[in-house]
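Peer 1: The residues making up each chain are set out below.
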Amino acid sequence: MIKFWRVAWHEYSRHVFRKRFLFALFSVPILIIFMVILVIAMIIMETSVKPVGYVDYSGLLAEAVAPPRVKWPDQTIPMLAYKDETIANADLQAGKIQAYYIIPEDYLKSGATKVIYLDKIKGSAERQFASFLKANLLSNQPSDIANRIINGNDIIVRSTDNSREASQNRFINILMPIIAGILFIVGMSTSSGYLMQSVVEEKENRTMEIMVTSVSPNQLMSSKVIADILVGVTQLVVWAIFVILVLVIGSNYFPWLRDFKFSGEMTGIILAVMIPAFIMISGLMAAVGATVSEASEGQQILGLFTIPIWLPYLFIGVFIQNPNSPLAIAMSLFPLTAPMTITLRLGFTTIPAWQLIASVSILVISAIGAVWLAGRAFHLGMLRYGQRIRWKEVISHQKV
Amino acid sequence: MNKTLLVLKHELITVLSRPSFLFVIFGIPIIGAIIFSVAGQLTKGSSAQILLSSLISTPSTVQAEGYIDQSGIIKTIPDSVESGLLLPFPDEGSARKALNDGEISAYYIIPADYIQSGEIIYIRPDFNPLGSSSQSDLMQWILKVNLLGGDVQLATLINGPMSTQKVALSPEPQRDANNLLTYFLPYAVLILFYIIILSTASLLLSSVAKEKENRVMEILMVSVTPRQLLTGKIVGLGLIGLIQVVAWVGTGRLLLARSGTTFNLPIAFQLPTSFLIWGLVFFLLGYAVYASLMAGLGSLVPNLREASQATILVIFPLMIPMFLNSLLINEPDSIISVILSLFPLTSPVAMMTRLAAGGVPLWQTFLAAILLAITAMLVVRSVARMFRSQTILSGQPFSRKLFFNTLMGKA
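Chains A and B are the protein sequences, given in the same order. All letters in the first sequence, in the order written, are residues 1 to 400 by my numbering. All letters in the second sequence, in the order written, are residues 1 to 411 by my numbering.
Simulated from the structure, these hints should not be mistaken for laboratory data. Small disclaimer: the values here were computed from a predicted structure and weren't measured. Fair warning: there could be bad hints in the mix.
[What the hints assert, rightly or not] Computed list of lysine-lysine pairs in DSSO-like fashion (alpha-carbon distance at most 27 Å, straight line):
#1 B:401 to A:109
#2 A:50 to A:3
#3 B:401 to A:134
#4 B:3 to B:166
#5 B:75 to A:114
#6 A:96 to B:401
#7 A:50 to B:3
#8 A:50 to A:122
#9 A:109 to B:210
#10 A:96 to A:50
#11 A:19 to B:166
#12 B:75 to B:97
#13 A:122 to B:166
#14 A:109 to A:71
#15 B:75 to A:83
#16 A:19 to B:75
#17 A:134 to B:3
#18 A:120 to B:166
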């Protein structure tokens with residue numbers, strides 16, 4: 001048993017205490033932060049705070065009320081009234097305003113407006129002018145009604161058995177299982193990629209033979225799988241800490257982050273799906289590593305597994321529309337697509353219990369099968385160099 | 001000179017005779033065309049379409065939804081709403097019963113304090129907060145009309161002007177923002193340039209690294225100088241890149257013309273001739289920069305596996321325009337876009353995308369081309385220096401520091 005842990009520790013430390021691993025570990029959060037900053041910068045740059053002018057013939061804006069304040073990072077664009085179009089046009093040509101609107105006399109009937117600008121009008125100006133019109137249309141309504149219409153509704157979707165509730169506006173709770181799923185799968189595929197690499201490498205440089213003189217092949221394989229899972233867990237823990245930090249720090253700045261509610265049931269389901277999936281994929285990777293003779297060859301076969309794992313991500317739009325379609329159910333049951341599909345659907349719908357149970361049991365069986373396959377492939381591949389092992393051999397009843 | 005030609009010929013023959021490369025050249029456009037024509041066949045009502053849609057959709061349910069109005073706001077339902085789509089219920093028990101009996105597919109509860117809180121409770125058996133918004137829009141619309149005392153016209157206006165006539169005073173031709181192609185065409189150009197520059201440049205990397213790994217390099221060095229080898233490889237693989245462009249664009253256009261009935265692309269896909277010339281210029285220069293960087297990388301790494309891990313160093317700048325594609329396409333004149341299209345390491349991709357999006361001042365294109373040409377010259381020269389026998393032949397492990405130092409001529 002001590003050998004088992006020694007191999008596992010060697011495997012773990014070899015990957016984790018490496019610059020490359022740290023780089024991969026932190027590149028994900030840094031990339032996310034970078035993207036967020038980029039999006040905010042784009043919003044700020046997209047907004048031009050040059051005023052928007054308007055010429056009103058309808059009398060709607062005679063005593064104009066200011067529109068509701070915009071939320072950061074949007075910036076308020078001032079609205080300027082003009083008596084007639086020639087002055088507005090002159091100001092536009094002089095670059096004092098970015099565009100001007102003309103509200104015709106029959107606006108309240110026709111709803112038609114005209115906007116004049118030089119070469120293009122920014123989306124933020126259009127949106128803010130629309131909300132300016134809205135505020136003025138509502139100015140003679142009772143204030144509580146006007147408020148309600150301006151602030152919109154908060155639709156709380158509830159499942160029939162009252163077990164789940166989510167607001168359409170508070171999308172953070174819907175997003176969380178999806179984010180968790182994606183992180184899990186990224187962690188899973190990188191760490192099991194390491195596993196495959198290490199198996200192939202040791203085979204390639206013949207370390208394997210020497211190892212097997214003192215460790216049984218089964219011990220070797222299972223300790224490698226365990227170490228690989230621990231590497232993945234390390235990765236996930238760091239990312240989870242990052243997500244929690246974002247939730248804690250970010251909620252001071254972004255109120256919608258405060259709506260996040262931790263759900264034990266959801267976490268349980270994700271773990272129940274992900275743990276066997278993790279073992280299954282590690283087993284498959286180890287099996288691939290044991291059958292191929294070169295690392296580059298292994299990479300190609302790896303693609304065969306990675307595609308189905310990420311496939312559900314492509315169908316995300318379909319799943320949002322119809323989370324209980326036959327396609328979604330089939331993909332939640334097929335072991336390679338199940339982890340992603342289940343976490344995606346978890347956000348959008350209540351998955352019937354039978355599907356969860358079926359999916360988890362299929363995953364557990366596949367995990368056991370994959371580990372068995374890995375052990376067998378390893379046995380068969382021992383001492384056979386320059387020759388690829390055929391899958392037929394691995395699966396056949398031949399005794400090893 | 002003769003030896004350079006020999007290297008060139010060898011590269012051309014080895015790459016072109018590889019089945020996997022032939023597949024990339026001809027297979028990808030053919031697969032694309034098949035997908036396009038299949039998508040074109042999937043017109044409404046065909047049996048394949050029915051099968052597909054039944055796979056991805058839930059078995060059809062009742063359209064009607066119920067509501068329980070505890071606030072007493074809903075007095076009228078506008079005439080434009082089809083009758084029977086929304087049914088009133090006096091209390092939750094009866095609504096739930098109707099839901100269980102399959103008369104309605106979901107129901108809303110509008111609480112008594114709706115005007116203050118804005119909360120609407122929406123009870124759905126499948127609990128789908130994202131997908132359900134299309135249905136709940138109707139309920140929100142009805143509430144809005146009723147809040148405004150049944151004034152449908154006012155409620156419509158509140159959503160914003162019904163129509164806005166846009167008048168641009170500048171004489172420049174306007175991009176039609178609503179046309180899908182104005183986005184799609186620059187995007188296709190972006191992807192095309194990215195893939196082609198990258199794939200040909202990595203061909204160079206793999207060819208150098210492979211020959212280094214299996215020690216062919218050592219034998220080659222006996223009769224060819226490093227510079228001859230490098231020139232032969234760069235020119236040879238560059239030709240392959242051009243063949244790839246011609247093959248992709250050519251087969252693509254041919255197949256689209258054949259199936260022109262499904263998509264009316266050719267008219268919209270007409271780009272000015274100047275675009276093709278600029279395309280050639282930026283491809284060749286961009287290729288020269290990236291291919292020589294890759295060759296430098298290849299000369300430093302001990303084997304192919306480390307080579308593929310190190311490529312991220314080189315291709316990272318090229319990935320930036322990919323990340324910012326929407327900015328480049330929708331705001332081709334913003335500061336970031338201009339910087340990206342002038343900066344030599346991103347310009348081959350970014351400038352082409354902007355050119356496809358239109359409205360780039362001529363001086364910017366020229367400046368970008370000149371900057372890129374200067375960079376290409378510098379890079380080729382320093383890589384040639386890097387490509388000395390001693391670096392190529394040594395088996396030292398690769399490190400980032402080594403790469404940049406050698407590039408600067410310090411090692």
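Peer 1: Taking the hints in turn, state whether each one holds.
Peer 2: We went through each hint and held it up to the structure:
1. B:401 to A:109: Given pair residue 401 of chain B, residue 109 of chain A is violated - Cα atoms ~70 Å apart, limit 27 Å.
2. A:50 to A:3: Outside the cut-off at roughly 72 Å; violated.
3. B:401 to A:134: Outside the cut-off at roughly 60 Å; violated.
4. B:3 to B:166: With a Cα-Cα distance of about 63 Å, the restraint between residue 3 of chain B and residue 166 of chain B is violated, given a limit of 27 Å.
5. B:75 to A:114: 35 Å, violated
6. A:96 to B:401: Judged against 27 Å, a Cα distance of about 52 Å means the pair is violated.
7. A:50 to B:3: 64 Å, violated
8. A:50 to A:122: The hint holds at about 11 Å.
9. A:109 to B:210: Violated, at roughly 74 Å.
10. A:96 to A:50: 7 Å, holds
11. A:19 to B:166: 56 Å, violated
12. B:75 to B:97: Holds, at about 24 Å.
13. A:122 to B:166: 12 Å, holds
14. A:109 to A:71: Answer violated: residue 109 of chain A to residue 71 of chain A is near 31 Å, above 27 Å.
15. B:75 to A:83: 41 Å, violated
16. A:19 to B:75: 68 Å, violated
17. A:134 to B:3: 76 Å, violated
18. A:120 to B:166: Status holds; Cα separation ~9 Å.
Hints 1, 2, 3, 4, 5, 6, 7, 9, 11, 14, 15, 16, 17 from the earlier list are contradicted by this structure; the remaining hints agree with it.
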